[in-house]
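For the sequence shown, my numbering gives the first residue as 1, with consecutive numbering after it.
If you're looking for bench data, these hints aren't it; they were derived computationally from the structure. A portion of the hints provided could be inaccurate.
Said to hold, decoys possible - Capping the alpha-carbon separation at 20 Å, the derived lysine to aspartate or glutamate pairs in EDC-like fashion look like this:
#  : residue 1 : residue 2
1  : Lys56     : Glu90
2  : Lys78     : Glu18
3  : Lys67     : Asp35
4  : Lys56     : Glu13
5  : Lys59     : Asp35
6  : Lys26     : Glu13
7  : Lys56     : Asp69
8  : Lys59     : Glu77
9  : Lys26     : Glu77
10 : Lys59     : Glu43
11 : Lys59     : Glu15
12 : Lys88     : Asp35
13 : Lys26     : Glu74
14 : Lys56     : Glu21
15 : Lys59     : Glu13
16 : Lys59     : Glu18
Stated by the list, open to error - Pairwise CB distance ranges (calculated):
#  : residue 1 : residue 2 : range
17 : Glu15     : Glu74     : 20 to 30 Å
18 : Thr73     : His49     : 33 to 43 Å
19 : Lys78     : Asp52     : 32 to 42 Å
20 : Arg17     : Ser93     : 18 to 28 Å
21 : Ser93     : Thr73     : 17 to 27 Å
22 : Lys88     : Glu21     : 30 to 40 Å
23 : Glu72     : Ser7      : 18 to 28 Å
24 : Gly76     : Gly34     : 34 to 44 Å
25 : Glu21     : Asp52     : 15 to 25 Å
26 : Ser63     : Gly20     : 21 to 31 Å
Glycine included, every Cβ here is placed at the ideal spot set by N, Cα and C.
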Amino acid sequence: MNQTILSGNLTAEIETREVGEQHLSKFTLACNEGDRVVFLPVECWNMPHLADYLSKGSKVLVSGSLKQDNWETEGGEKRSRILLTGYKVEFLSPQVKGGSQSTASSARRPSRQASRSAAA
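Please construct the entire structure, taking both the sequences and the accompanying hints into account.
Dropping the structure here:
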């Protein structure tokens, strides 16, 4: 089972774009662990309105699954990163941008092809 729940703050504004007929929203979550901070990239599919309600510094709770992206640089070096594919985002900040909506959920997950093309 691959299920992860993290809370933290957005480190920057959310980037949203269309990938085929789906929407991809990306942000980095800063999670405090005592005296250290872990930064984790997050991708949320089909939640195009997240940016309407959240901004840099917003506190959220994200439920999702961990994913490893692998790629090769132009120089032939192999790279990888771990990210969270979020399927539910709960807004924890007292006031959210644009209104009082408190949760966003993905309507459908991307196909494997859409997921791969988004990583490019």
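Hint check results:
{"no.": "1", "hint": "Lys56 to Glu90", "in the structure": "holds (15 Å)"}
{"no.": "2", "hint": "Lys78 to Glu18", "in the structure": "violated (27 Å)"}
{"no.": "3", "hint": "Lys67 to Asp35", "in the structure": "violated (26 Å)"}
{"no.": "4", "hint": "Lys56 to Glu13", "in the structure": "holds (5 Å)"}
{"no.": "5", "hint": "Lys59 to Asp35", "in the structure": "holds (18 Å)"}
{"no.": "6", "hint": "Lys26 to Glu13", "in the structure": "holds (9 Å)"}
{"no.": "7", "hint": "Lys56 to Asp69", "in the structure": "violated (25 Å)"}
{"no.": "8", "hint": "Lys59 to Glu77", "in the structure": "violated (36 Å)"}
{"no.": "9", "hint": "Lys26 to Glu77", "in the structure": "violated (25 Å)"}
{"no.": "10", "hint": "Lys59 to Glu43", "in the structure": "holds (16 Å)"}
{"no.": "11", "hint": "Lys59 to Glu15", "in the structure": "holds (17 Å)"}
{"no.": "12", "hint": "Lys88 to Asp35", "in the structure": "violated (27 Å)"}
{"no.": "13", "hint": "Lys26 to Glu74", "in the structure": "violated (24 Å)"}
{"no.": "14", "hint": "Lys56 to Glu21", "in the structure": "violated (27 Å)"}
{"no.": "15", "hint": "Lys59 to Glu13", "in the structure": "holds (12 Å)"}
{"no.": "16", "hint": "Lys59 to Glu18", "in the structure": "violated (25 Å)"}
{"no.": "17", "hint": "Glu15 to Glu74: 20 to 30 Å", "in the structure": "holds (23 Å)"}
{"no.": "18", "hint": "Thr73 to His49: 33 to 43 Å", "in the structure": "holds (34 Å)"}
{"no.": "19", "hint": "Lys78 to Asp52: 32 to 42 Å", "in the structure": "holds (38 Å)"}
{"no.": "20", "hint": "Arg17 to Ser93: 18 to 28 Å", "in the structure": "holds (24 Å)"}
{"no.": "21", "hint": "Ser93 to Thr73: 17 to 27 Å", "in the structure": "violated (37 Å)"}
{"no.": "22", "hint": "Lys88 to Glu21: 30 to 40 Å", "in the structure": "violated (21 Å)"}
{"no.": "23", "hint": "Glu72 to Ser7: 18 to 28 Å", "in the structure": "violated (34 Å)"}
{"no.": "24", "hint": "Gly76 to Gly34: 34 to 44 Å", "in the structure": "holds (39 Å)"}
{"no.": "25", "hint": "Glu21 to Asp52: 15 to 25 Å", "in the structure": "holds (20 Å)"}
{"no.": "26", "hint": "Ser63 to Gly20: 21 to 31 Å", "in the structure": "holds (24 Å)"}
Comparing the model with each numbered hint stated earlier shows that hints 2, 3, 7, 8, 9, 12, 13, 14, 16, 21, 22, 23 do not hold.
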